[in-house]
Amino acid sequence: MAEPVKLIGTFGSPFVHRAEVALRLKGVPYELILEDLTNKSELLLRHNPIHKSVPVLLHGDRPAICESLLIVEYIDEAFDGPPLLPIDPYDRAMARFWAQFIEQKCAKPFWMALWLNDGDKREVFVKEAKENMALLESRLHGKRFFAGDTVGYLDFAACGLALVLGVLAEVTGLSLVGEDEFPLLRRWADDYTSEETVKACLPPREQLVAHFSGKKDRIKLAVNAMACQM
Amino acid sequence: MAAGDDLKLIGAWPSPFVTRVKLAPSFKGLSFENVEEDISNKSELLLSSNPVHKKVPVLLHHGKPICESVVIVQYIDAWADPGTGPSLLSSDPHERAVARFWAAYIDDKLVASWMQSFRGKTEEEKSEGTKQMFAAVETLEGALRECSKGEGYFGGESVGLVDVSLGSLLSWLKATEMMSGAKIFDPVKTPLLAAWVERFGELDGAKTALPDVDRVVEFAKMRQAQAAAAAAASEN
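Chains as they are written, first to last, in the numbering used here: chain A, 1 to 230; chain B, 1001 to 1236.
It is possible that some hints are incorrect.
With a straight-line Cα cutoff of 20 Å, these simulated EDC-like cross-link-like pairs (lysine to aspartate or glutamate) come out [what the hints assert, rightly or not]:
id, chain 1, residue 1, chain 2, residue 2
1, B, 1183, B, 1218
2, A, 52, B, 1138
3, B, 1008, A, 128
4, A, 108, B, 1107
5, A, 108, B, 1138
6, A, 52, B, 1108
7, B, 1054, A, 131
8, B, 1055, A, 131
9, B, 1055, A, 123
10, A, 105, B, 1107
11, B, 1054, A, 128
12, B, 1207, B, 1038
13, B, 1183, B, 1138
Quick caveat, the hints were computed from the structure, so don't treat them as lab data.
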């Protein structure tokens, strides 16, 4: 009998989404436990004492696995089903490289640019985000998804862009990924969010808008505080 | 040593990330050509091989570039013939995930805080970096206990990804100890790690790849002097 799989997550998180979509693509049944990150449960703190963040994957009795992209790799290796990462070692290395690039060079400046109050500081992050997203855009030439014809690891790594692009643009009034500037990324975002398995674990857009609108002030406070320390 | 592997490493001897990549083929008995880069005057080869970050290390395998040290180490491990030496990653998916987690922790928490202790703009920033660095080391003591399962390395009986990730920093960490007078791997507070440092340092692969500590101290002092001069100049 298969060991139970539990995923500790939170609503609207692209990081949690990565783990969910990976489990679904492998056909692994799981229980999703939603956290309120302003009031973290004992379960979360016990299983992720180091980072105290979601997602956290619990597979049977094994110690927890943390960090979303590591969870995706684990799911790929531990369960049968279609491969999520490329089989070829070189292609796998490329996928890991670009995933790291997305996390450090796209997601971070993108996030800062969306919420900063200071116009000058914001411009610096906007410039960095756009330069890096142009590099990402070039990875989509001739491909439907970053992973090829079907979604894979690198699409999950970039899912934050797809998931919250339109949503966060609406909530903040800032559009960073314009149709003219980044036609391939926009098309990819549409294709990704329409993909059957992805769609099945995505909350409705209105719910995401409401969620981020509700958190707006709290996020702005945290991001602007962080920016002062930079 | 396997011939015709066509492995070329573009690196710079002071970089612990370059050392990390040197350790992997060293432990797997693979030969490679070392191309020493002048970071202040980056070569066309480096810039064309790593146009995104323009940084070392870059591994060229049959001319194809791979960048980012942990990505490179995993690539070497995945690609190399099993006959060349034990795998740096377990075949068990859970153990692999745990190893990758600690490798990431080393870079995100230990290296980041250690760099802050060196390069922090204020004394306050530097001392915060030092504090976080010691906290990270204590956490890694627990990690070693958990991962080693009573054996000598994070990888168990033999060296693994986490040993390579942490081991690559040893010359710099020892240099820091010499320059600051404070012990980073205290045998009383972190006995397992202190013993691991000795054990790892004795390995042939480590001796080949790790830069000489005195040379690192000299380099660090030179860089500190340059930074101080630049700071003084910008204040005028």
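Hints and how they fare:
no.: 1; hint: 1183(B) to 1218(B); in the structure: holds, 19 Å
no.: 2; hint: 52(A) to 1138(B); in the structure: holds, 17 Å
no.: 3; hint: 1008(B) to 128(A); in the structure: violated, 31 Å
no.: 4; hint: 108(A) to 1107(B); in the structure: holds, 17 Å
no.: 5; hint: 108(A) to 1138(B); in the structure: violated, 28 Å
no.: 6; hint: 52(A) to 1108(B); in the structure: holds, 15 Å
no.: 7; hint: 1054(B) to 131(A); in the structure: holds, 15 Å
no.: 8; hint: 1055(B) to 131(A); in the structure: holds, 18 Å
no.: 9; hint: 1055(B) to 123(A); in the structure: violated, 25 Å
no.: 10; hint: 105(A) to 1107(B); in the structure: holds, 16 Å
no.: 11; hint: 1054(B) to 128(A); in the structure: holds, 16 Å
no.: 12; hint: 1207(B) to 1038(B); in the structure: violated, 23 Å
no.: 13; hint: 1183(B) to 1138(B); in the structure: holds, 13 Å
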